[in-house]
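K.L.:
Chain by chain, the residues run as shown.
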Amino acid sequence: DAKTTQPNSMESNEEEPVHLPCNHSTISGTDYIHWYRQLPSQGPEYVIHGLTSNVNNRMASLAIAEDRKSSTLILHRATLRDAAVYYCILRDGSSNTGKLIFGQGTTLQVKP
Amino acid sequence: DTGVSQDPRHKITKRGQNVTFRCDPISEHNRLYWYRQTLGQGPEFLTYFQNEAQLEKSRLLSDRFSAERPKGSFSTLEIQRTEQGDSAMYLCASSITGTSGRETQYFGPGTRLLVL
Chain A
1 DAKTTQPNSM ESNEEEPVHL PCNHSTISGT DYIHWYRQLP SQGPEYVIHG LTSNVNNRMA
61 SLAIAEDRKS STLILHRATL RDAAVYYCIL RDGSSNTGKL IFGQGTTLQV KP
Chain B
113 DTGVSQDPRH KITKRGQNVT FRCDPISEHN RLYWYRQTLG QGPEFLTYFQ NEAQLEKSRL
173 LSDRFSAERP KGSFSTLEIQ RTEQGDSAMY LCASSITGTS GRETQYFGPG TRLLVL
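Just so you know, the sequences run in chain order A and B.
Reminder that position 39 of the first sequence reads as 39 in the numbering used here, one-by-one numbering, no gaps.
Reminder that position 18 of the second sequence reads as 130 in the numbering used here, one-by-one numbering, no gaps.
Just so you know, these hints were derived from the structure itself, not from any lab.
Fair warning: there could be bad hints in the mix.
Rough simulated footprint, nothing fancy, chain B against chain A, three-plus residues with beta-carbon under 8 Å [unchecked claim]:
| no. | region |
| --- | --- |
| 1 | 20-32 |
| 2 | 70-82 |
| 3 | 97-110 |
Backbone N, C-alpha and C fix where the C-beta goes; we use that ideal spot for every residue, glycine too.
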């Protein structure tokens, strides 16, 4: 799976939007972009995924650059419960392997 | 709650002892994954099953580690002759086989192992 690059940490204020960036300059045409997050002392949790178009769900939005070399996870109104490590992961749609390859992720702090 | 469950949640053992962890996936999920996570790092893939078949093993899975999924439902991960370097969180996840790029994994709470 292609590699991703994320900032080590970010801070946000409660009730404000948060934009978490991810660079994946070596992405291939069949790679899906997935985001997971891990709250303290819990297992990772799926957030959202997309291929080419922007995606929205009840948790977040995913904005994908036109050249697909970067993407941004958007939390529209951060709450204290959104404080977590956020992982951006590429999944090869042409491969049958299911494993996820996690990087270091971005640790998001949310200040009240 | 019908999510992924893991047992025990915490395990303290002495170096050289054997330990076994259990994972119960979401009932209709045919894929089951094991990951290991050390402090400050992202989870690392260990192995996965599709039904009863173990389809992939990481090089991290030394010969002291063995995983089984005998009836395609729950799975066990055994570590023999534990070493202090085995101290980590062991995570289990399950999913339904689909288009690989879209597959979503559901994680359990993990088993935290401390080897003294």
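K.L.:
For a quick check of understanding: which of the numbered hints are violated here, in increasing order?
P.N.:
Those not satisfied come down to hint 2.
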